[in-house]
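**Q** What follows is each chain in one-letter form.
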Amino acid sequence: MALTQATRAPATADSKLISLLLTIIVTLAVMAAGLAVSVAIALAAYALIALFLPDSKLLWAVVVMVLGVAACFGYFWSSNKLLDTFYPAKGADVAANLTKANAIRPWLFLGPAIIILGVYLVYPVINSVVLSFYGPSGENWVGGYNYNWLVHDAAFRESVRNNILWLVVVPAAATFFGLIAATLTDRIGWGNIAKSLIFMPMAISFVGASVIWKFIYDYRPAGSGQIGLLNAIVTSLGGEPQAWLTIPLWNNFFLMVVLIWIQTGFAMVILSAALRGIPEETIEAAIIDGASPFQIFYKIKVPQIWSTIAVVWTTITILVLKVFDIVIAMTNGQWGTQVLANYMFDWMFRGLDFGRASTIALVIMLMVVPIMFWNVREARKGTR
Amino acid sequence: MSTAVGTRPALTWAVHLAVLLLVVIWTIPTLGILISSFRDRDQLVVSGWWTALTSAERNIVARSAPPDEAVEENGQWVLRGNVFEEGTGSISAFGISIQRPREFEPGVIAEMRDGGTVTVEENGDYIISYPEQPEGTRGQRLFVTSLEPPKFTTANYERVLFSEGIGQSFVNTLTVTIPATVIPILIAAYAAYALSWMQFPGRALLLATIVGLIVVPLQMALIPLLRLYNDIGVGKSFIGIWLAHTGFGLPLAVYLLRNYIAGLPREIIESARVDGASDFEIFRKIILPLSFPALASFAIFQFLWVWNDLLVATVFLGNNEEQLVMTGRLRELLGSRGGDWEILTASAFVAIVVPIIVFFALQRYLVRGLLAGSVKGG
Amino acid sequence: MTGVLLKNIKKSYGATEVIHGIDLEIKTGEFVVFVGPSGCGKSTLLRMIAGLETITGGDMYIGEERVNDIPPSQRGIAMVFQSYALYPHMSVFDNMAFGMRIAKKPKAEIEKRVREAAEILHLTPYLDRLPKALSGGQRQRVAIGRAIVRDPKVFLFDEPLSNLDAALRVATRIEIAKLKESMPESTMIYVTHDQVEAMTLADRIVVLSAGNIEQVGAPIELYERPANLFVAQFIGSPAMNMQRAKIERAGEQTTISLGKHKADLPIPSSADMTGQEIHLGVRPEDLTIASNGSGLIDGRVNIVESLGEVTNVYLDVENAPQPIIVKLPGVQKFKRGEIVSLAAEPSKMHLFNEKGRSLLYL
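Chains as they are written, first to last, in my numbering: chain A, 1 to 384; chain B, 1001 to 1378; chain C, 2001 to 2362.
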């Protein structure tokens, strides 16, 4: 008895392992076959269309778009079809087939997502860590040289200083204005129109917004007519026109205004929903208790939406760390406005030093990690 | 909101005014470039857009007809003409020397050095009379200060669309944006379905990992991916950027769609299963149609994000005519034509008009998506 | 033979077992109702029959076939869900046709079967509507229609009436009873927590509690001869009154004593039970008011609920943990604090031993 049990246990473990391996192999095979089929069909269609299609850029763009999307859908369709042919849900082995197919199908559905996430997000994180220990071309090992250089680099320090300024000012200001806008617009009849208009900059690209604001900051020498709104206001009040974007330190704030302008609408929309979620009874109770509108706002409403404020704050914080477009479009990091993301971009494409650029990227990521942990924790709370 | 008895009307007015102020501050910048993009180039550079509806003061240097074309009239040799070659205006002052361009009022008869007299009327008509027949082919220089009526034109748009390459960039952006919006939705929706309604080991861990990836900074991915692309020969291609945008958009897409799909009623899915639908059929015939609001809101996000993206496009697409997208073109124009506001404003408006239309048309879904992502889950 | 046979069916989630080995045979054409308090496992059992939950242990047969590993769609069943589970984006017609379209049935046949089902359920005018344009009762009929179209061997109903208001519930209940009559060959299994539905619809009722079967039987059998305390108190409203009593003499007839009162009951008991404490149960509707002092038990009137057709009187009785309820016909007047004597026919009394099992079934 004891002997047979002892010999049987590893045998079942072995057969489990074998069936697991088999499942993995079949899964990969079906995925590969599905992908191959859809890509082959897309390429064939491309070749076929190439015979007839006139030489028009717009038409070609459409063809490429349609085929790209179709190939993607084709993968899901053909891999599922293959699995169903492999393990048909009928006949004698229905039960066994279904068990096998059900073990594989989730991975067919998840496959593309996992692979793309792996290639486009997980691999780069690992690779950046490795590259940060290598020289400019990414080939010779330099140890901690890049880190040492970074610590002593003046431009890096400037970027960190500016990034911290951005991190403090932008989320705070955007959330603050968003909260005010949300509170005020909820009280009036045309609030929804007002909301739409305040929310609109969200649709504008950072570069587009940069053009818009650069026009506002435009500078003409004193005496000639100002076409930038800000200088026009300053001169009409009797001041001297300024080249705003070149004033050290202050120019950072003029850049931040652009992002605050974009993000306030986002904060407003979310906070407005949170404010509406506050139980009306608590406000009515406060009114009966004699609280003034301002007391109601600070002592009753704000504490109740505190978690939403935190979410808005962190979301904008993450965005700020990635900000790049505004700086590159408005000042390109000149006049003391450099930020980490743009500085990294500089080393990558102008300095052509992958090692240094990776090191800077890692610093950005390190700054995000705490927020990431917080975010994951909150998300899990939400799904529980 | 609460409308308790005794609310002070003054406070209500203050709220209206405050909101009005906010709205004005938030819309004026955009309004500025919109108006400017339709203004005449010459007016744009000398006066602010807020004066667009009032007349603009302009200094013109005109040259009269050559003296030898003068005709005899009542013993005088007279030249007639108008200082405006095209268009109209209203003369506020004129002069005959560069040192004193505003010396005379309109209608005043000014003495010229060579003995003749000149006068410019308010409508720009000038009369130069000489006592004797003049000679020469060079006309008299006339300096006039004119008030011009507002001029609006679509010439700026014609120019940026057809000769500055914005038109081609528009097509390029479209080619990037549409697949980069549809592909991640498709992939994420399948993954979200599996994460919500299918049983497999490691489901919770996988979900947590994907949510964690939401905050990986994009910049990290650029160098490794660029090297990878060069190694495997993808290089700078549309497929490359579609997949890149797909990768960067996926975590948020999976997160949003899973939140929604997991909230669909279990019984509907079970009912479909009893009806004999396979997972693939359930997904296509039940989940996709029912998830339309969530799909739409993510689609808007991704569309806006990709359309407005500069960084990814700069890295993964070339800088040539075939591949430069609109944000990239705009940045180039900012660099090369930093002062040509008629070009910049028109280009900027072309670049933002599509997202703004999408935004206003589908705002409802966008807000719903934002709320699903932020208020509910964090 | 398309009955359903359950042999030692078990279900566990991880280490917790929620269904503890159910044995049940449901015959072809039978209408069986699973009833029990919430959390008793009745829905889980139904979902196991449907194939929506995996079976952890035991064997399940539908007809001759063991179906443990057969997917729902191939078990020959149809299910009507509590929330109707209509596909909100499909018209009534498409909802009913969905299953047949998945099975790739010919168009003409789909059309014919859907029209027939719609005719039976008076849904023909609504075939083009979306579910959201229907009333609750109409939606429920669509859900039933969807089941009929599948032409199943076994119909499964999971609390189908609990989302309807009271009047509609009665009407739909009658519809379901009629439907069953028109399809004598179909087996139907119906889950509810509402004993009225169970009593009115079922050929046989299965009373479940905490993952076990308490009793299986015809509705009146359950009412008249409950097998244990649980069934006795679950079936009937208000619930059966319980009082402690003592067996004075066991035998063909059992003599019990309740304080100073004695009664002979036509219930057999084994000789060794003499002197044991037992539970005496009498339904409120079986109690009558006796002339002063001549009843089995005396109580003090506490609350009187007059419902018009009946009057419920709540009496405080010495040594009783709960008030005794008497259900009297018509309108009756009582004063609060009044002492009332209660009597009952010996044949309407129920006896349960210490373990709660009825002496009838020992």
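Treat the hints as calculated values from the structure; they're not laboratory data.
Glycine included, each C-beta is placed from N, C-alpha and C at the ideal position.
Keep in mind that the hints are not guaranteed to be accurate.
The following label-pair restraints were derived from C-beta to C-beta distances [to be verified]: (1) A:I41 with B:A1208: 47 to 57 angstroms; (2) B:I1232 with A:S137: 26 to 36 angstroms; (3) C:H2089 with A:I193: 50 to 60 angstroms; (4) C:N2068 with A:T23: 38 to 48 angstroms; (5) B:A1204 with A:A36: 26 to 36 angstroms; (6) B:A1204 with A:Q334: 40 to 50 angstroms.
**Q** Are the hints correct? Go through all of them and say.
**A** For each hint, the structure was consulted:
I41 (chain A) and A1208 (chain B) have their C-beta atoms about 36 angstroms apart, which leaves the hinted 47 to 57 angstroms range violated. Roughly 18 angstroms separates the CB atoms of I1232 (chain B) and S137 (chain A), a value that falls outside the hinted 26 to 36 angstroms. Taken as a hint, the range 50 to 60 angstroms is violated for the pair H2089 (chain C) and I193 (chain A), whose Cβ atoms sit roughly 32 angstroms apart. A hinted range of 38 to 48 angstroms is violated for the C-beta pair N2068 (chain C) and T23 (chain A), which are about 21 angstroms apart.
Against the hinted window of 26 to 36 angstroms, the Cβ-Cβ separation of A1204 (chain B) and A36 (chain A) comes to about 32 angstroms, which satisfies the hint. Under the hint 40 to 50 angstroms, the C-beta atoms of A1204 (chain B) and Q334 (chain A), about 48 angstroms apart, fit the expected range.
Comparing the model with each earlier hint shows violations of hints 1, 2, 3, 4; every other hint is respected.
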